[in-house]
Amino acid sequence: MKSGIQSSKMFYILLSIVMVSSLYFVVPSVIVAEESPRTFLTHTGLVIQTTGDVIDPIGYDGEALDFDPDKFMKEFDFGEVTILDDGTVLREFYITARDDQIMEVSPGVFYNVWTFNDSVPGPTIRATEGDLVRIHFTNEGSKPHSLHFHGIHKAEMDGVFESIGTGGKFTYEFYAEPVGLHLYHCHVHPVEEHIAHGLYGAYIVDPKEPREPAEEFVFVLNGLDTDFDGENNFYAANTIPFYYQHHPIEININQNIRAYVVNILEFDAVNNFHLHGTLFHHYPAGTDTVPSGYNDMLTMSQGDRQILEFNYKYPGLYMFHAHNTEFSEKGWVSTFLVKENANDFDTEVEYDDII
Amino acid sequence: MTSSKPVLAISAIAPIVLLIIMIAFLLGPASSFLQFGIVLPEVSIEKIEFTGNEIQATVRNTGPINVNVVLADVNDRIQPAAIEPDTSLERFETALVRIPFDWNEGQPYEIGVTIDDGTRFSKGIDAAFPSLEPDIDLFVFLGMIGFLIGVVPIMIGLLWYPFIKKLGKNSFNFFLAFTIGLLIFLGIDAVIEAAEISENHLSSVFNGELLIATVIILSFLALYGVGKKLTQKAEFSKLSKGLAISLMIAIGIGFHNLGEGLAVGAAIALGEVALSTFLIIGFATHNTTEGLAIAAPLTSTKAKIAKMIGLGLIAGIPAIFGTWIGGFSFSPFFTLIFLAIGAGAIFQVVLSIFQYMKEKSGLLSNISLFTGISAGLLVMYLTSVLI
Numbered sequence: 001m002k003s004g005i006q007s008s009k010m011f012y013i014l015l016s017i018v019m020v021s022s023l024y025f026v027v028p029s030v031i032v033a034e035e036s037p038r039t040f041l042t043h044t045g046l047v048i049q050t051t052g053d054v055i056d057p058i059g060y061d062g063e064a065l066d067f068d069p070d071k072f073m074k075e076f077d078f079g080e081v082t083i084l085d086d087g088t089v090l091r092e093f094y095i096t097a098r099d100d101q102i103m104e105v106s107p108g109v110f111y112n113v114w115t116f117n118d119s120v121p122g123p124t125i126r127a128t129e130g131d132l133v134r135i136h137f138t139n140e141g142s143k144p145h146s147l148h149f150h151g152i153h154k155a156e157m158d159g160v161f162e163s164i165g166t167g168g169k170f171t172y173e174f175y176a177e178p179v180g181l182h183l184y185h186c187h188v189h190p191v192e193e194h195i196a197h198g199l200y201g202a203y204i205v206d207p208k209e210p211r212e213p214a215e216e217f218v219f220v221l222n223g224l225d226t227d228f229d230g231e232n233n234f235y236a237a238n239t240i241p242f243y244y245q246h247h248p249i250e251i252n253i254n255q256n257i258r259a260y261v262v263n264i265l266e267f268d269a270v271n272n273f274h275l276h277g278t279l280f281h282h283y284p285a286g287t288d289t290v291p292s293g294y295n296d297m298l299t300m301s302q303g304d305r306q307i308l309e310f311n312y313k314y315p316g317l318y319m320f321h322a323h324n325t326e327f328s329e330k331g332w333v334s335t336f337l338v339k340e341n342a343n344d345f346d347t348e349v350e351y352d353d354i355i
Numbered sequence: 001m002t003s004s005k006p007v008l009a010i011s012a013i014a015p016i017v018l019l020i021i022m023i024a025f026l027l028g029p030a031s032s033f034l035q036f037g038i039v040l041p042e043v044s045i046e047k048i049e050f051t052g053n054e055i056q057a058t059v060r061n062t063g064p065i066n067v068n069v070v071l072a073d074v075n076d077r078i079q080p081a082a083i084e085p086d087t088s089l090e091r092f093e094t095a096l097v098r099i100p101f102d103w104n105e106g107q108p109y110e111i112g113v114t115i116d117d118g119t120r121f122s123k124g125i126d127a128a129f130p131s132l133e134p135d136i137d138l139f140v141f142l143g144m145i146g147f148l149i150g151v152v153p154i155m156i157g158l159l160w161y162p163f164i165k166k167l168g169k170n171s172f173n174f175f176l177a178f179t180i181g182l183l184i185f186l187g188i189d190a191v192i193e194a195a196e197i198s199e200n201h202l203s204s205v206f207n208g209e210l211l212i213a214t215v216i217i218l219s220f221l222a223l224y225g226v227g228k229k230l231t232q233k234a235e236f237s238k239l240s241k242g243l244a245i246s247l248m249i250a251i252g253i254g255f256h257n258l259g260e261g262l263a264v265g266a267a268i269a270l271g272e273v274a275l276s277t278f279l280i281i282g283f284a285t286h287n288t289t290e291g292l293a294i295a296a297p298l299t300s301t302k303a304k305i306a307k308m309i310g311l312g313l314i315a316g317i318p319a320i321f322g323t324w325i326g327g328f329s330f331s332p333f334f335t336l337i338f339l340a341i342g343a344g345a346i347f348q349v350v351l352s353i354f355q356y357m358k359e360k361s362g363l364l365s366n367i368s369l370f371t372g373i374s375a376g377l378l379v380m381y382l383t384s385v386l387i
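Going down the list, the protein sequences come from chains A and B. According to our numbering, the first sequence is numbered sequentially starting from 1. According to our numbering, the second sequence is numbered sequentially starting from 1.
One or more of the hints may lead you astray.
[Claimed, not checked] Stretch by stretch, here's where chain A covers chain B in the computed footprint (C-beta under 8 Å, at least three residues): (1) 93-103; (2) 107-117; (3) 292-299.
Read the hints as simulated data drawn from the structure, not as lab findings. For every residue, glycine included, the Cβ atom is placed at its ideal position computed from N, Cα and C.
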């Protein structure tokens with residue numbers, strides 16, 4: 001009799017424990033209001049008052065950055081130069097492929113990037129027409145990779161049928177031709193996957209007679225499919241979404257600008273480039289010395305590239321972005337800050353805690 | 001016997017202690033051994049509300065691991081937003097994502113959030129609808145809706161009482177059977193509605209379908225016990241057996257109407273239904289039959305009007321509470337629970353009526369039983385088409 005009572009008591013105790021603990025999961029956690037909500041101005045000009053966190057992809061403040069778009073856009077790898085006996089300039093480059101790195105591609109978003117020299121895009125390779133280009137390629141990745149350069153070269157230097165396995169090395173060698181803006185990327189199957197993860201870079205062949213002096217930038221138009229559904233979650237010029245929107249690229253009024261624009265976007269058939277406040281002369285693949293048009297719009301398919309030359313008549317903040325606004329609203333939106341003279345504008349734009 | 005007390009306690013506790021030791025072993029020393037497979041995060045968007053110039057989404061971490069919500073989007077376009085209390089979500093934790101956005105009424109929207117590994121989760125809304133201000137007007141409005149779909153139709157249904165009372169024994173059996181038909185339909189209706197809520201609003205971690213089954217059975221058993229007590233008591237007191245049955249039907253329908261009210265209130269608050277006069281008419285017509293169900297067993301007794309009104313209120317008033325709770329703070333979990341309780345209660349009532357009829361008439365295989373049940377089901381179906 002007694003044991004019966006006890007076991008029923010036990011049952012009720014267990015039952016109440018189960019009920020109380022299930023309540024813990026069911027009842028939404030109480031949102032505790034702080035004393036005073038903070039006010040934020042977002043990058044789209046909206047105001048948010050909140051006691052919580054702001055999730056606004058405003059780019060990096062510099063510290064959390066695994067990749068610096070400001071540095072990348074002005075950095076050219078001319079290689080190690082040796083003058084050969086016949087007077088030919090030999091340029092030697094060292095490129096290592098990896099596929100194990102996790103990079104913070106947008107604030108708080110971590111993605112497994114596949115890299116050439118620990119960077120997406122890889123280094124911008126630059127040579128002069130007729131130079132001998134020698135690339136010492138090492139694959140430190142877990143999968144086979146290769147280097148496929150656009151341009152004129154022998155079939156065995158094409159990097160398509162000879163993939164380099166894990167730990168493998170290969171030396172690519174070819175003469176830099178023709179003049180223009182080209183690109184290189186991994187050509188191992190499935191190529192879409194290898195490109196989408198970041199194995200690509202720009203390749204510039206300068207004419208022997210140098211182009212007009214100008215401030216030069218490289219913009220590799222790319223995207224990131226972080227959830228692997230065959231659609232890009234982020235779009236950008238130089239990998240980091242919204243970066244140049246919050247870190248305007250400073251140029252001067254009437255200064256000649258030359259932009260090397262490479263489209264390596266996967267999954268979307270067409271990308272485009274729209275410049276505000278001025279128009280540019282553009283050179284498809286940079287192979288001709290005569291511009292093929294004067295425009296503020298460029299439509300580019302995968303692998304297309306264009307050299308743009310322009311300058312600004314008036315000072316101020318100008319946008320350049322994909323006119324396909326889906327792309328711009330997912331990160332491919334950038335700005336030029338045109339200064340009247342060198343110290344005209346405060347370059348630091350603060351978006352947090354404005355009020 | 002007293003000497004066995006500690007032994008008994010140990011025998012009760014020992015399995016629990018061993019289970020805890022096993023769990024500790026699995027989480028501790030054996031954890032590396034058991035690391036296989038890929039753990040995928042999961043976030044559910046439970047509720048989307050449209051206010052003045054903001055879209056608010058309630059998100060819950062329904063996956064096995066902690067996540068950070070780092071981006072919000074509207075129609076797959078990244079939007080700056082705020083998240084309260086903060087970006088990090090532990091298992092089962094919820095957060096409110098507030099997206100400033102000039103939304104357009106009546107337009108469909110898809111709201112998405114992206115977590116730290118780049119995975120995006122989204123939920124669509126068929127038509128944006130301004131979320132209601134929780135003020136006295138809404139309180140009165142929801143109360144009126146509850147009153148109109150719950151209390152009034154049941155009272156109207158009870159008015160059949162004098163008519164049924166005048167009928168002969170076969171006709172009386174017919175109406176009891178008719179009631180059984182009504183109730184079976186209501187029970188099935190509640191199960192389906194609960195399943196719909198489980199599918200549309202409740203994240204899969206809650207095992208909605210199993211929860212419905214569990215609650216239905218528990219509710220059935222609980223009311224079986226209560227019903228037994230009530231009918232036993234009826235034998236020794238003035239409380240007649242017919243009244244006891246009616247009371248149980250009223251309680252069962254009350255639970256049902258609470259769940260129904262929750263669902264209707266939530267639908268109003270979430271803007272999921274265009275709440276037309278027609279819909280109210282449909283619900284009212286449908287629920288009039290509930291009054292008939294309460295009235296039928298009473299005809300074997302002398303029922304006072306006050307008692308009948310009381311029974312009607314027991315069955316109908318929960319609808320008002322339902323619309324209030326559902327309209328002001330919709331919880332899919334509790335709506336599902338009450339719908340399931342209602343279903344269990346109703347199935348128990350069906351059983352009680354069968355037993356009552358068997359006691360009264362002795363046999364259950366007469367024609368009025370089958371025609372009654374069939375008629376009840378058909379009437380319910382036809383009135384449900386109106387909704």
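Taking the hints in turn, this is what the structure says about them:
Counting residues of the stretch 93-103 of chain B whose C-beta lies closer than 8 Å to any C-beta of chain A gives 7; at least three are required, and the coverage claim holds. Under a criterion of three residues with beta carbons nearer than 8 Å to beta carbons of chain A, the stated coverage of the stretch 107-117 of chain B is upheld, 3 such residues being counted. By the rule of at least three residues with a Cβ nearer than 8 Å to a Cβ of chain A, the coverage given for the stretch 292-299 of chain B is violated, with 0 such residues.
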